[in-house]
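Novice: Fit chain X to the given chain R structure using the hints.
Residue numbers (full-length UniProt numbering), protein chains in the order written: chain R, 1 to 262; chain X, 1 to 291.
Among the hints, a few may not be true.
What the hints assert, rightly or not - Derived coverage of chain X by chain R (criterion: at least 3 residues anywhere in the stretch with Cβ under 8 Å from a Cβ of chain R; other residues may be distant):
(1) 39 to 53
(2) 57 to 67
(3) 119 to 133
Simulated from the structure, these hints should not be mistaken for lab results.
We put the beta carbon where it would ideally sit given N, CA and C, even for glycine.
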Amino acid sequence: MQHVRTSGPGDQVAALDVAAVSHSYGSKPALNDVSFSIAPATFTVLLGLNGAGKTTLFSLISHLYDTRRGSIRIFGHDVSRASGEALRRVGIVFQARTLDLDLSVHQNLSYHAALHGIGGREARQRIAALLDIVDMPGRQHDKARSLSGGQMRRIEIARALLHRPSLLLLDEATVGLDIQSRAGILATIRKLVETEGIGVLWATHLIDEVDDGDHVVVLRQGELVAKGKVADVVRTSGAGSIRDAFSRLSGIEAAGTAELSP
Amino acid sequence: MSAPAMPDKVAGVIPVKFEKFGLRHYLICLKGVVLRECLRFLHQRERFISSLVRPLIWLFIFAAGFRQVLGVSIIPPYKTYVLYEVYITPGLCGMILLFSGMQSSLSMVYDREMGNMRTLLVSPFPRWFLLVSKMLAGVSVSIAQVYAFLIVAWFWGVKAPPIGYLTVLPALFLSGMMLCALGMLLSSMIKQLENFAGIMNFVIFPGYFASPALYPLWRIQEASPLLHKICLANPFTYAVELIRFAFYGQIEWLSLGVVAGCTVLFLAAAIIAYDPSRGLVTRKQDTGGNG
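Here chain X stands alone, though its shape is the one from the complex:
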């Protein structure tokens, strides 16, 4: 190996004085975490394709098949009868965010098992900031997937008002944050990668089907009052409604409150879970070494 010649020599035995972290350093860190997530996503083409194919199957096949069976009456925010494809599009956007949020949870468990998580957790930035950065990275990738889906849906003839593609962005962002925060919290509880199948069965499927993503809540209430109550207790219900109203430039205040509240709650719980002094993660995990 060649003789070391450090770019800026460490001053002998005197510890180097470090510049105090300012906003610029925080932004560099945030950008680095988001960029890495985006690069990983781009390198995993199968992940991108499957994230797009899943909602498109629902749109092209399921919605076409059920259009005649599942009639949708005029309910807010719609002012006229809408095609079933139009009705389920916000739910499918929510589905992408839900799967993506859980995918980022899976990615954190994978990172932890492979050791990559350690490189994040030994950064000198505050742990809460690192986790929020990781969450924002996950949300950025989720939103890109939603817009890719909306472009294909547009060509299929499923169109929202043009301004809706802009007004839905904050709703997608907030809902994505909530679902990523939930994913992060779950990742702190999953001991092994193999246990992720449980998330599919106990979180994704119940969360998705017990919501107005595929059918209006009044229909569920007619079918089963108990199921209706379960739907009302499901945070994903409010994410879907927030997105639905945002497509038409409206704010559904209850949904906004629930989604924002759940985001704060899930995020706070995830930060506690990843805190080395209080968290679940370090108690459950070994560090991958055997020394």
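Only chain R is shown next, with the shape it has when bound in the complex:
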């Protein structure tokens, strides 16, 4: 049985639709009634300080946790009821490093390809092409352990794209990287949105990763406090810039704004 929510004629199915989602760890609430959707081929920044609920939300979207209250749909497929169909359409870069350090780049990527039913020559071709895209051509046989933090991230991005997802989730993908690596990774992801029509949900607490044309979703202690285009969020919050808007929305004073930068 397909769990696809059909829209009316002319309506576009959202790449991601989060509807009234709440989650708690025991008695400790982590997300409370969060709703937003992101359109295909858009770059949406999920902003929130540490503990805001970003990683919990990612775990729900990727079905590591079950959505007990509310619903999450990826291109119309309910993550709880049709998780296979939903997960085929999403590529995920987790906050923690998830490469197997004992294996080579090729072995890591082949493993992921197999987990999506892609094998043999097709997997090899896709791996070679994606290593070009993430600017690491010919590095198939390097041990994952020998890569720098930025290079590992690029490999993880290539891995997330291997099964040709239409939605890419990146959870604090640039944490711990130098400025050059961060800029390179961000530019690659933005390019994918433009050229390949991939929808991106980019979770971060670094405000300088937000562009004026982006959509933003701001979480604060598990509550959604703002959503929309950057200009709209700035205007409705009464701030002069997205940095100020994020500070106000997150409840941090001027002294705390250092956290918003790398």
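Specialist: Just chain X now, kept in the frame of chain R:
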């Protein structure tokens, strides 16, 4: 970074239609999971050596020392008196499977702590299939270790009937499945890697010693009827007996039933434990992030 040029462009804003998963895709997934486990094992040479040294110490030193003390009468499947080394060899095969099964449990806890487990769990294949694949991967590695041990034992003069090396394979497979399934279930309950020491004390050692791996059950019954009952309640007892009889081309039906039943039970419990809607894992673990 270079300009992206995806190998097969995603069609604009229209979600790509995916081919329905068929048997071929499932087999690719299974092969990928097994291959990764084998590669990891090959990269961890110390793990291979220690898995081999442990039973060999028992065979070379313990069995030689206790040969005169622990006499073994003629009990099925043996038709003649056998050397003590011959008697404990099936138990040592079981020990390898037991340690290996628990090792794969440790590996799952490690994977979960390091985040590698997430890459498995976000695969679009059904969760039960992913866990069974992981279990088959663990069993493949275990069986390779058992045969490596049997080769060394053969050169030491501990030999089973030639056909026994073939007939024991299904018994090793089933016993390995049971112990890997148990390991998987335990891994869902272990919150931190450090807690694994408890598995050694509460599962591996009692499981191994309260079984006919080192001494026949009739001797245990003579020594302590209570201990004998504990041995009979221990699934590892039946794994050892299944292997012992299989070496001589025989099937010990009670053992077969218990091992098969426990495999299904442990596996079902592990699948439930790893199910995000019902499982223990997601309730206990955070996802490693701080957002």
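Novice: Failing hints, ascending?
Specialist: Structure breaks hint 2 only.
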